[in-house]
Amino acid sequence: MSKIKVIPCSGIGKVFGLLARESVLMVTEEKCPNDTETLCLAHVVTGDDEVVAKINGETCITMDGCAKYCAKKSVEETGGVVVKSHKVPDFMKAHRGEEHGTGTALTEDGWKYAEELAEILADDVKEIKSGGNVL
Amino acid sequence: MINNKIGIISCSGEECLGGTISRLAVRKMMEELKPGMVSTLCLPLFIAGDGGEREFAEKYPTIAIDGCSKCCAKRAIEKYSNQVAGSVDVAKIIGEAKALEKPLSTRHLTDEHKEFIEQTASKTCQIFDEIAAKQ
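Protein chains in written order, with this note's numbering: chain A, 1 to 135; chain B, 136 to 270.
Worth flagging that the hints you see were computed from the coordinates, not collected in a lab. Every value quoted in this text rests on a predicted model; they were computed, and no experiment measured them. Honestly, I wouldn't trust all of these hints.
Stated by the list, open to error - In silico DSSO-like pairs for lysine-lysine, Cα to Cα no more than 30 Å straight-line:
(1) B:Lys-214 <-> B:Lys-227
(2) A:Lys-73 <-> A:Lys-129
(3) B:Lys-169 <-> A:Lys-68
(4) B:Lys-140 <-> B:Lys-237
(5) B:Lys-140 <-> A:Lys-73
(6) A:Lys-3 <-> A:Lys-73
(7) A:Lys-54 <-> B:Lys-227
(8) B:Lys-194 <-> A:Lys-68
(9) A:Lys-3 <-> B:Lys-258
(10) B:Lys-269 <-> B:Lys-258
(11) A:Lys-68 <-> A:Lys-3
(12) A:Lys-31 <-> B:Lys-249
(13) A:Lys-87 <-> B:Lys-237
(14) A:Lys-87 <-> A:Lys-126
(15) B:Lys-237 <-> A:Lys-54
Let's have the full structure, built from the sequences with the hints guiding it.
Below is the structure:
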């Protein structure tokens, strides 16, 4: 089985895009480096043959920063199979009132939230690897 | 809502160091070098064509900041809107091999990375000033 693709949105204007990016990096670089990899969303959306070949028919997880779901939609349009899709604000309920930082840098609370998001992604990876139905 | 009249689009660069540098250089433009004077456009949303980004880049000068020589942001602007008003290829500033190193969490920025961000933002600022002088 090839590595699971974990792809964040690349939102740059608000903290949500950075939270998505940092949580995915925690998964692909630290928590599940042998089972996952990320792809550059900017490259995905160009639809180049090289990136289509990498993603077409492959198992993907997306983490979007907002309800426009750019990562999920772009991955699906490029032929990736999105078995789990999240967006950063979905898990904010327990974090109301916290300041998570900006699109440039996360605060201490922001890093804790990114860690929580990374754990959610890592759990997805475990479930997929064990053959569980995460759809 | 987009009010400012010079746009900047960064690649998302999840796969390489150059992408991290390009994002942070754009944030430096927004927060330190030209606060309130640039509009940052989200590349996946730009390509999706949902949020008025394409229309902005058709009407107003837009600068592409790319993390590697695939130049996804530049190609997207030229495909969907107009010729770019300027473009910065981080690989040409920090070297191709360096730009293609692994993507970096903002937790792990070193003084060398900060210098790369400074150089990239400075180049972007120079292009910005040239465009502004013509307006």
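Quiz item: So which of the earlier hints does this model not fit?
Solution: Hint check: 4 and 9 fail, others pass.
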